[in-house]
Amino acid sequence: AQSVAQPEDQVNVAEGNPLTVKCTYSVSGNPYLFWYVQYPNRGLQFLLKYITGDNLVKGSYGFEAEFNKSQTSFHLKKPSALVSDSALYFCAVKLSGGQNFVFGPGTRLSVLP
Amino acid sequence: DTAVSQTPKYLVTQMGNDKSIKCEQNLGHDTMYWYKQDSKKFLKIMFSYNNKELIINETVPNRFSPKSPDKAHLNLHINSLELGDSAVYFCASSQPGYNTEAFFGQGTRLTVV
Chain A
58 AQSVAQPEDQ
68 VNVAEGNPLT
78 VKCTYSVSGN
88 PYLFWYVQYP
98 NRGLQFLLKY
108 ITGDNLVKGS
118 YGFEAEFNKS
128 QTSFHLKKPS
138 ALVSDSALYF
148 CAVKLSGGQN
158 FVFGPGTRLS
168 VLP
Chain B
5 DTAVSQTPKY
15 LVTQMGNDKS
25 IKCEQNLGHD
35 TMYWYKQDSK
45 KFLKIMFSYN
55 NKELIINETV
65 PNRFSPKSPD
75 KAHLNLHINS
85 LELGDSAVYF
95 CASSQPGYNT
105 EAFFGQGTRL
115 TVV
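Which chain is which? The protein sequence lines are A and B, in order. Once you know that position 64 of the first sequence is 121 in the working numbering, the rest is easy, because the numbers rise by one and skip nothing. Once you know that position 54 of the second sequence is 58 in the working numbering, the rest is easy, because the numbers rise by one and skip nothing.
So that you can see chain A by itself, here it is in the shape it has in the complex:
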């Protein structure tokens, strides 16, 4: 079955420190990977995506993600965390002819002042 895993329910990091939110995937064929962020009582906002090419993808709000085919991972990173980055982060893969996103369970990021 094709799936996305986010092994950490919660990530805590101090403001100004680098952050990593982990994602691993299991898909047949080429993976098309996405990161979304959800702030409280809001919809999901797109951060970045990996389709092909460079393994390091840059996205919104200073976030980037590293695609690693051998480890089937797509970890989200930011060099210096802000308190305002505190939110729920979802990794997703696109399937079914491009008609369906399958989401990971989400990781809650808390950035402490």
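Rather than coming from a laboratory, the hints here were simulated on the basis of the structure. Be careful, since some hints might not be right.
Computed list of lysine to any residue pairs in SDA-like fashion (alpha-carbon distance at most 20 Å, straight line) [stated by the list, open to error]:
1) B/56 <-> B/71
2) A/126 <-> A/63
3) B/40 <-> A/157
4) B/45 <-> A/69
5) B/40 <-> A/63
6) B/48 <-> A/152
7) A/115 <-> B/102
8) B/44 <-> B/87
9) B/75 <-> A/154
10) B/48 <-> A/66
11) B/45 <-> A/142
12) B/40 <-> A/62
13) B/48 <-> A/165
14) B/44 <-> A/165
15) A/106 <-> A/134
16) B/40 <-> A/152
17) B/56 <-> A/157
18) A/106 <-> B/101
19) B/45 <-> A/99
Mind docking chain B on chain A? Use the hints.
Same frame as chain A, now just chain B:
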């Protein structure tokens, strides 16, 4: 201008009632989705439409019926509401294809009492 808008934002109703949630997108996208987010924040696809045609129907009870009058609208009608239907429902849209991200509405929090 809101790209994907859902109404209502909150919906509280009694068991057994019938209710509808409306969704409109002004992005010119061909594909629209309904996702359900449960109390643990898991996101699961319910339906996917491409240009008014149903593409995905993910083992959703027959009480849920999507309707797409045109490609900018995808409404969700729910009959005979049950307690277990309480969740946040998100509408989203994207262009078809593997490399396109989705844009989400702000969600409709449905509470069945």
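So, going through the hints one by one against the coordinates:
Of the pairs offered as hints, the one joining residue 56 of chain B and residue 71 of chain B holds, with about 8 Å between alpha carbons and a cut-off of 20 Å not exceeded. A C-alpha spacing of about 16 Å is found between residue 126 of chain A and residue 63 of chain A, which places the hinted pair at or below 20 Å, so the restraint holds. Taking the CA atoms of residue 40 of chain B and residue 157 of chain A, the gap is near 13 Å; set against the 20 Å cutoff, the hint holds. Of the supplied pair hints, the one linking residue 45 of chain B and residue 69 of chain A holds, its CA atoms being roughly 18 Å apart against a limit of 20 Å.
Of the pairs offered as hints, the one joining residue 40 of chain B and residue 63 of chain A holds, with about 19 Å between alpha carbons and a cut-off of 20 Å not exceeded. Distance restraint check for residue 48 of chain B and residue 152 of chain A: the Cα-Cα separation of roughly 13 Å lies within the 20 Å cut-off, and the hinted pair is therefore satisfied. A threshold of 20 Å between alpha carbons decides the hint, and for residue 115 of chain A with residue 102 of chain B the separation of about 18 Å falls inside it, so the pair holds. For the given pair, residue 44 of chain B sits about 16 Å from residue 87 of chain B by alpha-carbon distance, which is consistent with the 20 Å threshold.
A distance of roughly 18 Å separates the Cα atoms of residue 75 of chain B and residue 154 of chain A; the hinted pair therefore holds under the 20 Å criterion. A hinted pair counts as satisfied when its Cα atoms are at most 20 Å apart, and residue 48 of chain B with residue 66 of chain A qualifies at roughly 18 Å. Between residue 45 of chain B and residue 142 of chain A the alpha-carbon distance is near 18 Å, which keeps this suggested pair within the 20 Å criterion. A hinted pair counts as satisfied when its Cα atoms are at most 20 Å apart, and residue 40 of chain B with residue 62 of chain A qualifies at roughly 18 Å.
The suggested pairing of residue 48 of chain B with residue 165 of chain A holds, with an alpha-carbon distance near 18 Å, which does not exceed 20 Å. With a C-alpha separation of about 11 Å, the suggested pair residue 44 of chain B and residue 165 of chain A falls inside the 20 Å cut-off, and the hint holds. Restraint check for residue 106 of chain A and residue 134 of chain A: the C-alpha separation of about 13 Å stays at or below 20 Å, so the hint holds. Restraint check for residue 40 of chain B and residue 152 of chain A: the C-alpha separation of about 17 Å stays at or below 20 Å, so the hint holds.
Note on residue 56 of chain B and residue 157 of chain A: the hinted pairing holds, with a Cα-Cα distance of about 15 Å set against a maximum of 20 Å. About 13 Å separates the Cα atoms of residue 106 of chain A and residue 101 of chain B, which keeps this hinted pair within 20 Å; it holds. Distance hint between residue 45 of chain B and residue 99 of chain A is fulfilled; the C-alpha atoms sit about 12 Å from each other, no more than 20 Å.
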